[in-house]
Amino acid sequence: MSVGMGLWTPHESVRTGLVIAVGVVAFTSSVYAATEEYRGHMAAAVRERVAFVLRALAFDLQDATGLDVRDLSLGVYLRRRAIWVPWRERLVRIHRERATSRPVTSGVRWSPGKGVVGRCVAEGQDIGVDLTELDASISEVSREKWATIDPELRLGLSWKEYQRVRGKYGVVLASPIIDDTGSPARVVGCVSLDAPAGTRDRVTRDDIRERVASAGTAIFRLVL
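The sequence shown begins at 36 in this note's numbering and counts up one residue at a time.
Heads up, a few of these hints could be off.
To be verified - Taking lysine-lysine pairs in the BS3-like style, the calculated list, with each CA pair at most 30 Å apart, reads:
1) K195 - K180
2) K203 - K149
3) K180 - K203
4) K195 - K149
5) K149 - K180
To be clear, the hints were calculated from the coordinates, so they are not data collected in a lab.
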C-alpha cells in the first residue's frame, strides 16, 4: 500500500479481493432477481390454474342450486407456517373468485380452528354454517361475556375478530383439501363457498358438497 496526495492505493491482492467480492455480489443479486422472477411467474401460473377451477365450479354451482353466480364467492386456503414462528400455523388464501356484490375482506388472519375455514381444516370435514343465524344469537354479547360462549359456537374467534366479520357473510361451506399421497392422508387446506343468507339447505346438500370437494381434489392435483 502506498500513500500519496492523500489517496490510498490498495495492494494488488486487495484489489483482486475487491473485484472478486463485487463479482460475487453482482452474481448473487442476479440469481436472486432471476429466482424471484421465476417464483413470480410460477405464482401467476398457479393462480391462473386455480382461477380456472373456481370459475368452472361457480357456474356448476349456479346450475345445481339455482343461485346467481354473481351471488357466490369461492376461495382456496392453504396451510402455511410462518418462517419466524414455525410452530404457528395459518391459513393463507391463494385465490378468490367473487362478484363485486360479495362482502369485502374481513381482515382476520385465519388459522386452523378459527372461523368456518379453520374448523374445516382442523376437523378434516365439511363445515356448513349460516352465519346470519350465528349473528342473531350472539351479536349482542359483550366483550366481557364473550369468553363464556362455547368456543365451537363462536368458531374460535375472539370478540374483536367477531366484530370484524359480523354481518359480512351469509352461508359458508368449507370443504377440506386432502393430500392422499402419503399415509396417513393429511388436510393441507380447504375450498370455501360463500352464498347468500337463507340458502343453507341448497348450499349444504350432499351433491353440492361433492362438487366443492371435487374442486379441492383438482386444485391439489394441479397446484400441490
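Hint-by-hint comparison with the structure:
no. : hint        : result
1   : K195 - K180 : holds, 13 Å
2   : K203 - K149 : holds, 16 Å
3   : K180 - K203 : holds, 22 Å
4   : K195 - K149 : holds, 13 Å
5   : K149 - K180 : holds, 19 Å
In terms of the numbered hints stated before, the structure departs from none.
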